[in-house]
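**Q** In case you want the letters, here they are:
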Amino acid sequence: MSINTNALPDPVEEATDSLEPRDVPDPAVAIALAPPIPKINLFKRLLKNPMGLFAMSLLAIIVLTAVLAPLLAPADPNLASLQNVRVDPGTKGFLLGTDGAGRDVWARLLTAGRFSLAGALLAVVVAAAIGIVGGLIAGYYGGWFDNLSSWVVSLIMALPGIVILLAARAVVGPGLWTSMAIFGVLLSPAFFRLTYTAVSGVRNELYVDAARVAGLSDASIIGKHILTVVRAPVIIQSAQVFSIAVAIQSGLDFLGLGDLAIPTWGGMLNDGFQNIYLKAILILWPSLAIGLTAIGSVLLANAMRDELERSGQPVKRRAKKGETGIEREEIITHPEPITGKELGEVLLVVDNVSIGYHQSDGSIKHVVDDVNLTVRRGEVHGLIGESGSGKTQTAFSVMQLLPQGGEVTGGSITFEGEQIAQATEAQMMKLRGTKIAYIPQEPMSNLDPSFTIGSQLTEPIMLGQKLSKAEAKAKAIALLTRVGIPNPERTYAAYPHQVSGGMAQRVLIAGAVSMEPDLLIADEPTTALDVTVQAEVLDLLRELQAEYNMGMILVTHNFGVVADLCDRVSVMRNGRIVETGNAASIFADPRHEYTRMLFDAILDETSVREDYTRTASGAVAEGSQK
Amino acid sequence: MGSFIARRLISGAVLLVVITTLAFLLLYAGGGDIARKIMGDQATQEAVAQKARELGLNRPVLSQYSDWLRHAVQGDLGVSWFNGQQVTRAVTTRLSVTLSLVIGAITVAALLAILLGVTAALRRGWADRVIQVGAVIAQAIPNFLVALFLVLVFAINLKLFRATGYVQPATNIGRWINSITLPVAALCIGSTASVTQQIRGSVIDALRQDYVRTLRARGLSFRRTIFKHVLRNAGGPALAVLAVQFVGMLGGAVIIEQVFAIPGLGQISVLATQQGDIPLVMGLVLVMAVIVVIVNLAIDLIQGWLNPKVRLR
Chain Z
1 MSINTNALPD PVEEATDSLE PRDVPDPAVA IALAPPIPKI NLFKRLLKNP MGLFAMSLLA
61 IIVLTAVLAP LLAPADPNLA SLQNVRVDPG TKGFLLGTDG AGRDVWARLL TAGRFSLAGA
121 LLAVVVAAAI GIVGGLIAGY YGGWFDNLSS WVVSLIMALP GIVILLAARA VVGPGLWTSM
181 AIFGVLLSPA FFRLTYTAVS GVRNELYVDA ARVAGLSDAS IIGKHILTVV RAPVIIQSAQ
241 VFSIAVAIQS GLDFLGLGDL AIPTWGGMLN DGFQNIYLKA ILILWPSLAI GLTAIGSVLL
301 ANAMRDELER SGQPVKRRAK KGETGIEREE IITHPEPITG KELGEVLLVV DNVSIGYHQS
361 DGSIKHVVDD VNLTVRRGEV HGLIGESGSG KTQTAFSVMQ LLPQGGEVTG GSITFEGEQI
421 AQATEAQMMK LRGTKIAYIP QEPMSNLDPS FTIGSQLTEP IMLGQKLSKA EAKAKAIALL
481 TRVGIPNPER TYAAYPHQVS GGMAQRVLIA GAVSMEPDLL IADEPTTALD VTVQAEVLDL
541 LRELQAEYNM GMILVTHNFG VVADLCDRVS VMRNGRIVET GNAASIFADP RHEYTRMLFD
601 AILDETSVRE DYTRTASGAV AEGSQK
Chain V
1 MGSFIARRLI SGAVLLVVIT TLAFLLLYAG GGDIARKIMG DQATQEAVAQ KARELGLNRP
61 VLSQYSDWLR HAVQGDLGVS WFNGQQVTRA VTTRLSVTLS LVIGAITVAA LLAILLGVTA
121 ALRRGWADRV IQVGAVIAQA IPNFLVALFL VLVFAINLKL FRATGYVQPA TNIGRWINSI
181 TLPVAALCIG STASVTQQIR GSVIDALRQD YVRTLRARGL SFRRTIFKHV LRNAGGPALA
241 VLAVQFVGML GGAVIIEQVF AIPGLGQISV LATQQGDIPL VMGLVLVMAV IVVIVNLAID
301 LIQGWLNPKV RLR
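Protein chains in written order, with our numbering: chain Z, 1 to 626; chain V, 1 to 313.
Honestly, the hints are just simulated from the structure, not real lab data. Do not take every clue at face value.
[Claimed, not checked] Partial list, derived from the structure: chain Z residues whose beta carbon lies under 7 Å from chain V:
#1 Ala158
#2 Val171
#3 Ala219
#4 Ser220
#5 Leu401
#6 Asn446
[Said to hold, decoys possible] Simulated restraints, written as ranges between beta carbons of each label pair:
#7 Ala29/V with Gly143/Z: 26 to 36 Å
#8 Gly142/Z with Arg70/V: 49 to 59 Å
#9 Val61/V with Ser445/Z: 55 to 65 Å
#10 Val67/Z with Ser63/V: 48 to 58 Å
#11 Leu62/V with Glu205/Z: 43 to 53 Å
#12 Ser11/V with Gly142/Z: 13 to 23 Å
#13 Ala129/Z with Ser63/V: 35 to 45 Å
#14 Gly143/Z with Thr21/V: 23 to 33 Å
#15 Arg59/V with Val133/Z: 35 to 45 Å
#16 Ser11/V with Trp144/Z: 12 to 22 Å
#17 Ala29/V with Phe43/Z: 44 to 54 Å
#18 Ala29/V with Val133/Z: 25 to 35 Å
#19 Arg89/V with Val133/Z: 43 to 53 Å
Positions of the beta carbon are idealized from the N, C-alpha and C atoms, including for glycine.
All chains should be built: construct the whole structure from the sequences, respecting the hints.
**A** Right, here's the structure in full:
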């Protein structure tokens, strides 16, 4: 670790762009902020964590020997003896030998621990006191103090800490306690930022508002609701800061800038360094003491963070995925109507596909089971169900783009006559984009923020169709015009954050159809958009689908969308298809209670009603009137 | 873009003025009787007063400061109280030595960190675990301990490198590399560890982004998305850490130069501190602050190039 305040592993800083360090909370804070904070005894859990136990034992031994130094030390640590200079370790009466001035190394090591540790502790206490109080005031009250303190923090961070310490030493002379107190001030931003982030995070939480309305004073709100939030991160940060303080304290003394009357590990290192050619082993003992203390406290901090993160995890996981005790029931299949739209050849057959995720305990958790789908050229197959029903997973499995840990565990996927469930990455690359294309749900997060829209559109075209840059650009502009972007040249040169969500979704649609795919997979393509834009985007999708005569899988939770576009519908629940068939027959006669429930939902959902009434002359009207 | 640079330059200049003002006030007003310190306890009262007049110490601190600032702007940082050397000259001759150490170390750290961080993020499993534990420990060990270890093993026992001293690159490029290898290694280990952890985290984060899946769905190879899109997006946060590490290394170099007896800014800082050579300390603070301002400006410009949101703001 380099010795200075700036190199402090500041979680806030590291987690994010330096220019907006306050937007992203410290992971530890974020965990502490997760609403149901499980009551855990951190100390007990650390004893069970191997790294935590090791680090705590190590630190306990170091601290104990330092505390008990007067009892353990065999001799006066400052007693120099010219007869016994640089005696070997193990010599009778000198456990670890003597140093360059004939002082007992073991006695010095023990006594130095007291000063080195106490000095570091002083720095941590000063840093924590200033940082926490400043952070609380700035975060809770804001205003001018907020601006001033963040300015002071950046001022402190601007110079290497050791340079400031050297300058201070030039003025006030050597002194362990003064220099460590000054260093504490220099380290205070570490605590300031942590507290500030946490406090500004909870300040506007409902329960804090409620407490304020209930008439609690600011002091008791801070004490009750806010300090509990920062407690864990502050303990972790203290351990980190302690290791830095030990290092810098030793560094100063190693440079010979400390108080020579006080034995410290750094001072011993200085003595050893001067005798490096005569007795190199003198370096070993203080190095071990400094190194083990620093490593011990950093490992402890890491173990604490791990334990806190682990206690946050189960809550998250339960909230994310529903119960998937997949129950088997008969799939309700509607008979094919005798007449219908002219359809082309079969493009995709998903046959009894199951999808599972590898768990950390080695088991596989199934999220999709025995799913069957067929898509013909020119056909729009709606996959409908609520979130967590496995419809998006099914769509990803066709492209082999399941999130990490997920895989197709059974069944087969046939695309244009070829088996692709077990296809290699190279084979899939030839299909993706050119044969099978994808339109995502959330337009903004699906465009790379660092590249212009134009470069993101042309990059795959140039690679996939071996076009020159100019040809690809001409094609991209034509596509942007086709999808209804009013000023395609400007959008081409723009970055994703400069266009609206609706525009971004049009860009993604342009990208998806850019290589005239046979199959288009649209994953909730309108869910993230404004109601008015939804209708336009659906129109565009319908037009493009007809124009290119594509097969299409439309993933949605909205029967209004299904009514608008789909020829065929499969209803998914808990990873299984419960009802499937021609869209008109399902609308006419929804048999499964879950289908009926989804169907009823559109009548309540005001955001869809426009869609629904607009297409009321179509299948929906027919279906619902019966 | 122009106003972005202008704003950065102004805030850098403000920072410099504030730092030098604070440093000057503390150094000149906080240290008690400076002339007495220089002349020693034996000197007569008259001699001390004479010295104080000579150095202008009897004048109000603010007028001393305005003099200093006026000269500093013209590149004159005064004269050392102890050996009469021009501070500007003393500092600039040593600047290149320290910068060659720090720039060397930051380059090595950045390259190693990209390699290790990306490996850890993509491979996961045992490689990830080894790299992570290694990074935690490497970050915890003070760099002067690393330096002492390197001296003992590679210079004293194996005699592969010189233990001390510095050779100008103009004199002999091979011996220059030989003389800075161990110091650079000692300086870069902690930073490598920090930046590796940052890059690992950013890459894992970027891999989870929706646009990575969408780009792959359009036919880009996994490797291409990593090296073009994921690394580009992970670059901003990593660069921010690198900037912090650079400032840290300037401090770390103070101790490392002492271990290897390298005549850089660090060595002269320790000497000036021990002697209480205030003009020299003042000059050093200024030079460090200027380096920090320049580095931050450079990083901001690269950030702007990497991140269009920053550039266009």
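**Q** All hints are to be evaluated individually against the structure, with a verdict given for each.
**A** How the hints compare with the structure:
1. Ala158: 5 Å, holds
2. Val171: Since the shortest Cβ distance to chain V is 4 Å, the answer is holds.
3. Ala219: Violated: closest Cβ of chain V sits about 33 Å from alanine 219/Z, beyond 7 Å.
4. Ser220: Given a least distance of 37 Å, the restraint on serine 220/Z is violated.
5. Leu401: 5 Å, holds
6. Asn446: 4 Å, holds
7. Ala29/V with Gly143/Z: 26 to 36 Å: 31 Å, holds
8. Gly142/Z with Arg70/V: 49 to 59 Å: 40 Å, violated
9. Val61/V with Ser445/Z: 55 to 65 Å: 56 Å, holds
10. Val67/Z with Ser63/V: 48 to 58 Å: For valine 67/Z and serine 63/V the Cβ distance comes to about 53 Å; the hint holds.
11. Leu62/V with Glu205/Z: 43 to 53 Å: 48 Å, holds
12. Ser11/V with Gly142/Z: 13 to 23 Å: 22 Å, holds
13. Ala129/Z with Ser63/V: 35 to 45 Å: About 37 Å separates the Cβ atoms of alanine 129/Z and serine 63/V, which means 35 to 45 Å holds.
14. Gly143/Z with Thr21/V: 23 to 33 Å: 25 Å, holds
15. Arg59/V with Val133/Z: 35 to 45 Å: Holds: the Cβ-Cβ distance is about 39 Å, inside 35 to 45 Å.
16. Ser11/V with Trp144/Z: 12 to 22 Å: 19 Å, holds
17. Ala29/V with Phe43/Z: 44 to 54 Å: Cβ of alanine 29/V to Cβ of phenylalanine 43/Z: about 48 Å, so the range 44 to 54 Å holds.
18. Ala29/V with Val133/Z: 25 to 35 Å: Since alanine 29/V and valine 133/Z have Cβ atoms about 27 Å apart, the given range 25 to 35 Å holds.
19. Arg89/V with Val133/Z: 43 to 53 Å: Since the Cβ atoms of arginine 89/V and valine 133/Z sit about 45 Å apart, the hinted range of 43 to 53 Å holds.
Of the numbered hints stated above, those contradicted by the structure are hints 3, 4, 8, listed in ascending order.
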